[in-house]
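Student: Listed below, chain by chain, are the residues.
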Amino acid sequence: MSGPTRSKWDLPRMLRLTNVRILSQVFFFVAFILACWATWTSRLGGYPVSRLLEMDPLVLLSTGLATGHVYRYLGWGLLILAVTLLFGRVFCNWICPYGTLHQLTGWLFNIRKHPDRWKSNQYKKIYTLKYMGLAVFLIMAAFGALQIGLLDPICLMYRTVATAFSPASDMVMDALSAQTGGTFFWDALKFAPGTERRIFVGSFWIGLFLATLVGMNLVIPRFFCRVLCPLGALLGVFSRFAIFRINRDVHACTDCNLCLTRCEGASDPHAQLRLSECFGCMNCIDDCPEDALSFTFLGQDTKQVIPGTNLGRRRLVFSSIAGLIAFPLLKNHGVNTNANYSDTLIRPPGSVEESEFLERCIKCDQCINACPTNVLQPATFKEAGFEGLWTPVMNFNIGHCQLKCTLCSEVCPTGAIRRITVEERMGKGPFAEAGPISLGTAFFDVGRCLPHAMEIPCVVCEEVCPVSPKAIQTRDEEVKNVFGKLVILNKPFMVPDLCIGCGICQTECPVTDRRAVYVTPVGESRSSERRLLLHKRNRPEA
Amino acid sequence: MDNDKPKQNPAYVKEQLSRRSLIRRLATVAGLGTAAGYLTLAPEDWPFSMKDQTGLRSKPVITPLQLTDFRVEKPAMASDVAVGRGPNVEERLRKALDAIGGLTHYVKPGDIVLLKPNVAFDRSPNLGATSNPEIVEILVRMLLVDCRAQEVRVADNPIESPADCFAKSGVGPAAERGGGRVYLPDSNAFRTLNTPGAVLIENWLFFHRPLTNVDKVIGVAPVKDHNLCQASMGIKNWYGLLGGRRNQFHQDIHEIVSDLALMLRPTLTIVDGSYILMKNGPTGGDPSNVKPGDAIVAGTDPVALDAWAFEHLLERGTDFPRYLFKAEEKGCGRVDYRGRVELIT
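In order, the protein sequence lines correspond to chains A and B.
The C-terminal residue of the first sequence carries number 1188 in this note's numbering, and the numbering is unbroken.
The C-terminal residue of the second sequence carries number 470 in this note's numbering, and the numbering is unbroken.
By construction, these hints were calculated from the structure, which means they are not laboratory data.
Note that CB positions come from ideal geometry on N, CA and C, so glycine has one too.
Treat the hints with care, since some could be wrong.
[Stated by the list, open to error] From the structure, some residues in chain A lie toward chain B, with a derived Cβ separation under 7 Å:
(1) 688
(2) 834
(3) 1043
(4) 1044
(5) 1104
(6) 1108
(7) 1114
(8) 1157
(9) 1159
[As the list claims (entries may be wrong)] Taking lysine to aspartate or glutamate pairs in the EDC-like style, the calculated list, with each CA pair at most 20 Å apart, reads:
(10) 759(A) / 1033(A)
(11) 1074(A) / 1122(A)
(12) 1050(A) / 198(B)
(13) 233(B) / 198(B)
(14) 1074(A) / 444(B)
(15) 451(B) / 380(B)
(16) 416(B) / 340(B)
(17) 1137(A) / 350(B)
(18) 977(A) / 989(A)
(19) 1137(A) / 1079(A)
(20) 1137(A) / 377(B)
(21) 1131(A) / 440(B)
(22) 1126(A) / 377(B)
(23) 184(B) / 198(B)
(24) 404(B) / 340(B)
(25) 1131(A) / 377(B)
(26) 416(B) / 436(B)
(27) 455(B) / 327(B)
(28) 404(B) / 444(B)
(29) 404(B) / 932(A)
(30) 451(B) / 467(B)
(31) 1182(A) / 1079(A)
(32) 977(A) / 1033(A)
(33) 233(B) / 380(B)
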C-alpha cells in the first residue's frame, strides 16, 4: 500500500475514491433523515421530501407496470438508472441510506479475523435469491398487485423512520427537553414538535423487521443487500451494461485475495468480477497491495468479468410461475374487495379507488409521517389483509382528518393519494358540482351514547363537527331523569348528506373504548361501488 | 521414564487461596446478603426499607402545581369593563384598554406575560372560530413596547393539530410578527394542577409549560355560539389550557366553565366583537355564520364582561348562561354588569 514516505494526510490519498464514497454516503443519509424530519406540517414548505422514493427506479418500473403510467416526479428514477448504466450498481454503496446503515453496522460489529473475514465476502449461490424475488414482485405488479414496498430498501427506510424511529427519537427529545427546561433546542430536533406523542399501530413489527435484517449482517455481511434487496437486483440486471467497472490487471495480480477483505458486494474481484453483484464500494482498490485493481472504462480485460446475474433460465421461469400463483392468492384473499371490505379500512382524502390504490401504494408511509393529527396508521392484517399491510389507514380513535389539510396527498410519491387542493377537498369553486371529498359516513351507536341511552348531556360530537351546516345536529328534549331531576338532553343525530367522514366526532367521543359515534368507509366519495345515498338531499336535483 | 506416575511440570507452583482473601470473600457475600435482606424484608417504616406491604406505597406520588392569582387591582376611577368601538382594531383596543386604566397599569416592565388566544380549530380568521390575529399582534407589540414586558408568550392547546391551528388561524404568525413566542402543547408540556374550590378539576392535567414563571395572564377570546353552553366567550377560552380527556366535561358544561373561571384568575380578559360567530358554533365553517362588528371589550371582571358580550354582541338577551351565575357563586365576578361597563365610541 502506501510507502513509508507518504504522509497520512497526503492530499491525493485523502481524496481517494473510498473517501469520496463515504462523503457521498454521509450526504445522502443525512439528506434522507432531514427529509423525514422536514415531513411535518410546520416544516413542509414545498421541499422535495419524498425525492429519494421518486428517484427509486424500482418504484418507477413497478408502478409503471401496474398502472401503465408515470406519476408526477417518478421520472426521476431514470437518473439512478442512468448512473447505473454509467458506473454500475454504485447506488447501493454511494446513495442508498439502508445500504449505508448495513455497511455501518457491519463495520462496527462484524469483527471477523483473517481468514474468516475474506471468506465471508466470497460469492454464494444464495445471492441469486434477490433476482427471483424481483421477478415475483414484477410479475405481480404487472397484474396489479404491488408488493415491492415490503422489501424495497427506500420504502423500508422511510416506513421505519416514520412509524418506529421518529416516535422513539421524540421520546428521547421530550425527556431531554424536560431536563433542560426553558430552551427549545431539543423540541426543534423532534420529528413531530408541538403535539402530543404520536403512536403507530403495529410499529413494533415494522421496527423489528428492519432491525432483524440489519442484525443479519453478523451472519452474512450485507445480508439484505446481497440476498434480498429487489432494488439492488433491478440495478444488478442493468449494471451489466455499465461503462465503468472494476478491472483487474491479471499480470500484476498475485492472487493474494486481500481484495476480498472488505468487498461489500461479494462480487469476486479476485477472479472474474461478478458485475451485477459489485456495489462499486472501491474498497478492493484500497486493499490491493499490487495496485492491480482500478475503476476504469479504458483497457478493461473482457475475460475477467461475468456480467450476468447467474440466475439461470429455469429459476427465472420458476419465479415467474411463483409470481403468477401469488397474484390470485393475494387478490382472492377476499378481505379487500367491494363485496367484503373492512369497516375500518378508511383511506386518506385524495386516495384513488381501492383497487387502483393497491396498484399504486408502495407502503412507504410518507403520508403517515406527514399526518399532523396522527390519524393515519400503518394498516394491519385486520384492516387491509396481507395485500394492504402497512398501507395508510385512518384510525379515528387516535385522531381525526383535518378539514383543510392535504399534506398526505402532497408527499405521496406514487399517486395512491392523488395530489389534491383544499378547494377540491372542500368541494368549492370548480369542484362545487363534485361536492366535498368524503372518507366515509358517521353512525351512532345509540346504546352507548350518553344522551340517547343514559340521559346524560354530552354532544361533544355536535360541537366539533366541522362542516357548515353541521352533519351532526341535535333534537333538544327535556326529560325527568331516573333520579327525578329535570335535564335538557341534546340528542344528536346524523345527516349523512352533509357528513364527510372526517372522524372528529369519533375522536372526541367521551365513550373512549368503543365509541358511541364512529365512521365507516361506506359512502366514501372515491368509489361509486361504496356509495350510500342515491341523492344528497341538500343539493339541487340534477 | 516411569509411565505409572502422572506427568507433572516440576516448575509448576500452586497458589493457595490466602486466609485474608477468603475472609474478604465471605464478608462480601455476607454484606451483600444482609443489605439485600434488609432492603426487601425490613418493615416499611424502617429507614431505607423498600418494603410495600399493601401495594399502595409504590404508587406514584403526584405533587400538583398551584397557580398564583394574576389579578391586578384596577385604578380607582376606572370601570370594570370597557367597550371600545371604532373603525379599526387598534383604535377599538386602545379605547377599551385606556378606559380600564391602560395596559401599562396592569403590566409592569420586566414582566413575563402569557396571552391566551382561542386557536381551537384549523380555521381561517374570517370564519370567527378562532381569535382575531390582528388583536394578538397589536397586543404583543403593546406589551413589549409600551409596557416593556420581558417576554410575551402565546399558547393554546387546540382540538386539531396545534401547528396547523396556529398557522392557519393566523395567530401564530401574528404573535411572531409582534415579537412574541408561541408555545405548542408538546407531550412534556402538561402537569397536574390543583385548583382549590373547583368541583370537577380540583386536580387535573394542565398545559403548564407556558405558565412557568409567568407574571401576568391576558385572555384574548372570540365570541361564539355554542350549542351546549349557549356561548363561548372570555371564560370558556380557558378550556384551551386543559389537557387529558377534557371532552367528558360536556356532561356538566356549566360546572366546568365556572370552574375555569376559578382555575385561572386573569390579569385582563379581552373579548373581540370584530367577527362574531352567530351560529353553527363553536366551529363555524362558513362566512355566512359570522357577523362583522366594531367592538372590543376589555375588563377585569370576566363574568360581567361575558354577560355584556352575551347580551350585546351575540344578541341573546338577558337569559344568561347558567355558568355565569355559577362563576359568580364561586366568587369570580358579578353577572350584573349595570353601571360597571363604560362604552367609548
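Student: So which of the earlier hints does this model not fit?
Tutor: 2, 3, 4, 8, 9, 10, 11, 12, 14, 16, 19, 21, 23, 24, 29, 30 and 33
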